[in-house]
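> Chains as they are written, first to last, in the UniProt record's numbering: chain L, 1 to 132; chain A, 1 to 132; chain R, 1 to 132; chain Y, 1 to 132.
Hints were generated in silico from the structure; no laboratory data involved.
All values derive from a computational prediction rather than experimental measurement.
Check the hints yourself; a few may be wrong.
Copies of the same chain look alike in the list, so a pair counts if it fits in one copy or across any two.
[As the list claims (entries may be wrong)] Heads up, simulated DMTMM-like pairs for lysine to aspartate or glutamate below, C-alpha to C-alpha not over 25 Å straight-line:
(1) Lys12 to Glu73
(2) Lys103 to Glu73
(3) Lys103 to Glu115
(4) Lys103 to Glu118
(5) Lys97 to Glu115
(6) Lys88 to Glu118
(7) Lys12 to Glu30
(8) Lys103 to Glu116
(9) Lys103 to Glu41
(10) Lys88 to Glu73
(11) Lys37 to Glu115
(12) Lys97 to Glu41
(13) Lys88 to Glu9
(14) Lys131 to Glu118
(15) Lys88 to Glu30
(16) Lys88 to Asp2
(17) Lys97 to Glu30
(18) Lys103 to Glu30
(19) Lys12 to Glu118
(20) Lys103 to Glu23
There are 4 protein chains.
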Amino acid sequence: MDLNQLGKEVLKAQPFSQYLGMELLSAGEEGVELALKVRPEFYQHLGVVHGGVIAALMDNALTFAGGLVLGPEVLTVEFKLNFLRPAKGERLLARSKVVQAGKRLAVVQGEIYSEEPEPRLVALGQGTIAKV
Amino acid sequence: MDLNQLGKEVLKAQPFSQYLGMELLSAGEEGVELALKVRPEFYQHLGVVHGGVIAALMDNALTFAGGLVLGPEVLTVEFKLNFLRPAKGERLLARSKVVQAGKRLAVVQGEIYSEEPEPRLVALGQGTIAKV
Amino acid sequence: MDLNQLGKEVLKAQPFSQYLGMELLSAGEEGVELALKVRPEFYQHLGVVHGGVIAALMDNALTFAGGLVLGPEVLTVEFKLNFLRPAKGERLLARSKVVQAGKRLAVVQGEIYSEEPEPRLVALGQGTIAKV
Amino acid sequence: MDLNQLGKEVLKAQPFSQYLGMELLSAGEEGVELALKVRPEFYQHLGVVHGGVIAALMDNALTFAGGLVLGPEVLTVEFKLNFLRPAKGERLLARSKVVQAGKRLAVVQGEIYSEEPEPRLVALGQGTIAKV
Numbered sequence: 001m002d003l004n005q006l007g008k009e010v011l012k013a014q015p016f017s018q019y020l021g022m023e024l025l026s027a028g029e030e031g032v033e034l035a036l037k038v039r040p041e042f043y044q045h046l047g048v049v050h051g052g053v054i055a056a057l058m059d060n061a062l063t064f065a066g067g068l069v070l071g072p073e074v075l076t077v078e079f080k081l082n083f084l085r086p087a088k089g090e091r092l093l094a095r096s097k098v099v100q101a102g103k104r105l106a107v108v109q110g111e112i113y114s115e116e117p118e119p120r121l122v123a124l125g126q127g128t129i130a131k132v
Numbered sequence: 001m002d003l004n005q006l007g008k009e010v011l012k013a014q015p016f017s018q019y020l021g022m023e024l025l026s027a028g029e030e031g032v033e034l035a036l037k038v039r040p041e042f043y044q045h046l047g048v049v050h051g052g053v054i055a056a057l058m059d060n061a062l063t064f065a066g067g068l069v070l071g072p073e074v075l076t077v078e079f080k081l082n083f084l085r086p087a088k089g090e091r092l093l094a095r096s097k098v099v100q101a102g103k104r105l106a107v108v109q110g111e112i113y114s115e116e117p118e119p120r121l122v123a124l125g126q127g128t129i130a131k132v
Numbered sequence: 001m002d003l004n005q006l007g008k009e010v011l012k013a014q015p016f017s018q019y020l021g022m023e024l025l026s027a028g029e030e031g032v033e034l035a036l037k038v039r040p041e042f043y044q045h046l047g048v049v050h051g052g053v054i055a056a057l058m059d060n061a062l063t064f065a066g067g068l069v070l071g072p073e074v075l076t077v078e079f080k081l082n083f084l085r086p087a088k089g090e091r092l093l094a095r096s097k098v099v100q101a102g103k104r105l106a107v108v109q110g111e112i113y114s115e116e117p118e119p120r121l122v123a124l125g126q127g128t129i130a131k132v
Numbered sequence: 001m002d003l004n005q006l007g008k009e010v011l012k013a014q015p016f017s018q019y020l021g022m023e024l025l026s027a028g029e030e031g032v033e034l035a036l037k038v039r040p041e042f043y044q045h046l047g048v049v050h051g052g053v054i055a056a057l058m059d060n061a062l063t064f065a066g067g068l069v070l071g072p073e074v075l076t077v078e079f080k081l082n083f084l085r086p087a088k089g090e091r092l093l094a095r096s097k098v099v100q101a102g103k104r105l106a107v108v109q110g111e112i113y114s115e116e117p118e119p120r121l122v123a124l125g126q127g128t129i130a131k132v
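Just chain L, with the same shape it has in the complex:
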């Protein structure tokens, strides 16, 4: 099974990813792309996308990138996330990549864009993924 197909199956098997509506656009050696359509229930009280939605999308993007190189049985050890701008677009796009991988640990980076409609960078992340 190719990475793209595997990624789609894992994402489909995650109730929370389905609940939010995450889609895997691509997965390969070069990294992962996830998309998330913004629904009215994703906002916070000031009319922009809630940071928790962005954090959840970053978590998935980073973990999937780690799974590309470490295999599907991974867990997210930790990640750090900077919020760069409020997200107001109709869709969020996450791109992540593996920066370095050993046998048990991978270091990953991720970016989240808000399509307004041109993609604007709204969050930047860096994390560590471990093979279970």
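Position chains A, R and Y relative to chain L; hints supplied.
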């Protein structure tokens, strides 16, 4: 209006917090406590709570703690989160506190517990909140 | 050999820790305490201790805390550090502790105080240590 | 005064940067490059460069990148750093860049390479810089 009441109103005004079902248990000088009942749609594919749920709860716990000292108009600059154990309980409990606050920035810490039914620490976070 | 003695020997065997003048005050199940006398060469251009000195001390405090529970052959996977206030005192004091430890990974927290002469918290850290 | 010249003067005015021997190779809109020759006193007990040296270099690289866009009066709010591989080369090279900048805050990324003699990526960082 007291901090507790204000916190409840902000939480109620956040569609995403309502969508997940977050509850403010307490808010005061000593910090914030949020609770989140785990629903079937919150799991990932291995049968434990999805990291994205925990990240979203941490985001809210840290931001609310910052809002206690900086006022309600705050944004989360960044946070970092370690996942300590899989969360399997029926409810998540988040506790956060302000470690240091200036006029414009506050540094906050947060812990998330899974009630199994005794509370087990499942995530640890540290972040920076800014007055808008 | 007790943890205190072991910690002192590792610290003595680290040329960089000796170069800066780090001292291990205590090491035990409850965590680690390191001290660093501030010398004129530790400042930055605005007359306070350089962030790099604080980062180096945090790195050591976190790694030593991890070594308490994982054994002496550890490496620092990552850490995050907030600078809370400028440090102007004559000595820095670092306190770190293990928050959670598994077989291969430990999550640690650290605080750095500047003695002015009362200890003021100047930095807060959170990191991940791995058994080699 | 151009950014390159300004950066060199700030670096020269920092006793700790001089103590370690940091050099500014370039500073401009595209980011900052710093170099640090590895001296015997920079090692830890296992014969590789101490994490504290790498953390100090990362701190400077990130802060200088923030200073490019926010002006020379900046402070490092926080940063996060992953150690990717042991550094064994004769010189460390740090490259940092601004990912996003507002009026008061900039988000920066940095990489540290060990010249062995080909540059190998040994650390990855992400941080937040504020105008004082």
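> Look at each hint and say if it fits the structure.
Each hint, compared with the structure:
In this assembly of identical chains, Lys12 and Glu73 lie within 25 Å of each other by CA distance solely inside one copy; the values are 15 Å within and 37 Å between copies. In this assembly of identical chains, the alpha carbons of Lys103 and Glu73 lie at most 25 Å apart whether taken from the same copy (13 Å) or from different copies (18 Å). Taking the shortest alpha-carbon separations for Lys103 and Glu115, only the inter-copy value of 23 Å comes in at or below 25 Å, while the best intra-copy value is 36 Å. Only between protomers do Lys103 and Glu118 lie at most 25 Å apart by alpha-carbon distance; the minimum there is 23 Å, versus 38 Å within a single protomer.
Taking the shortest Cα distances, Lys97 and Glu115 sit within 25 Å of each other both inside one copy (20 Å) and across copies (24 Å). Proximity of Lys88 and Glu118 under a CA criterion of 25 Å is satisfied intra-copy only: 11 Å inside one chain copy versus 40 Å between copies. In this homomeric assembly, Lys12 and Glu30 come within 25 Å of each other (Cα to Cα) only inside a single copy, at 22 Å, whereas the closest approach across copies is 40 Å. Taking the closest pair of Cα atoms, Lys103 and Glu116 come within 25 Å of each other only across two copies (22 Å); inside a single copy the shortest separation is 39 Å, beyond that limit.
For a Cα distance limit of 25 Å, the shortest separation of Lys103 from Glu41 qualifies neither inside one copy, at 40 Å, nor across copies, at 31 Å. Proximity of Lys88 to Glu73 under the C-alpha cut-off of 25 Å is restricted to the inter-copy arrangement: shortest distance 18 Å between copies versus 34 Å within a copy. For a Cα distance limit of 25 Å, the shortest separation of Lys37 from Glu115 inside one copy, 10 Å, qualifies, whereas the shortest one across copies, 32 Å, does not. Proximity of Lys97 and Glu41 under a CA criterion of 25 Å is satisfied in neither setting, with 29 Å inside one chain copy and 27 Å between copies.
Taking the closest pair of Cα atoms, Lys88 and Glu9 come within 25 Å of each other only across two copies (23 Å); inside a single copy the shortest separation is 29 Å, beyond that limit. Taking the shortest alpha-carbon separations for Lys131 and Glu118, neither the intra-copy value of 36 Å nor the inter-copy value of 28 Å comes in at or below 25 Å. Taking CA atoms no more than 25 Å apart as the test, Lys88 paired with Glu30 passes in neither setting, with 28 Å inside one copy and 28 Å between copies. Taking the shortest alpha-carbon separations for Lys88 and Asp2, neither the intra-copy value of 34 Å nor the inter-copy value of 31 Å comes in at or below 25 Å.
Both within a single protomer and between protomers do Lys97 and Glu30 lie at most 25 Å apart by alpha-carbon distance, with minima of 6 Å and 22 Å respectively. For a Cα distance limit of 25 Å, the shortest separation of Lys103 from Glu30 inside one copy, 18 Å, qualifies, whereas the shortest one across copies, 32 Å, does not. Taking the closest pair of Cα atoms, Lys12 and Glu118 never come within 25 Å of each other, the shortest separation being 28 Å inside a single copy and 31 Å across copies. With identical chains, the CA atoms of Lys103 and Glu23 are never at most 25 Å apart, being 28 Å at best within one copy and 35 Å at best between copies.
Hint check: violations occur at hints 9, 12, 14, 15, 16, 19 and 20; the rest are consistent with the structure.
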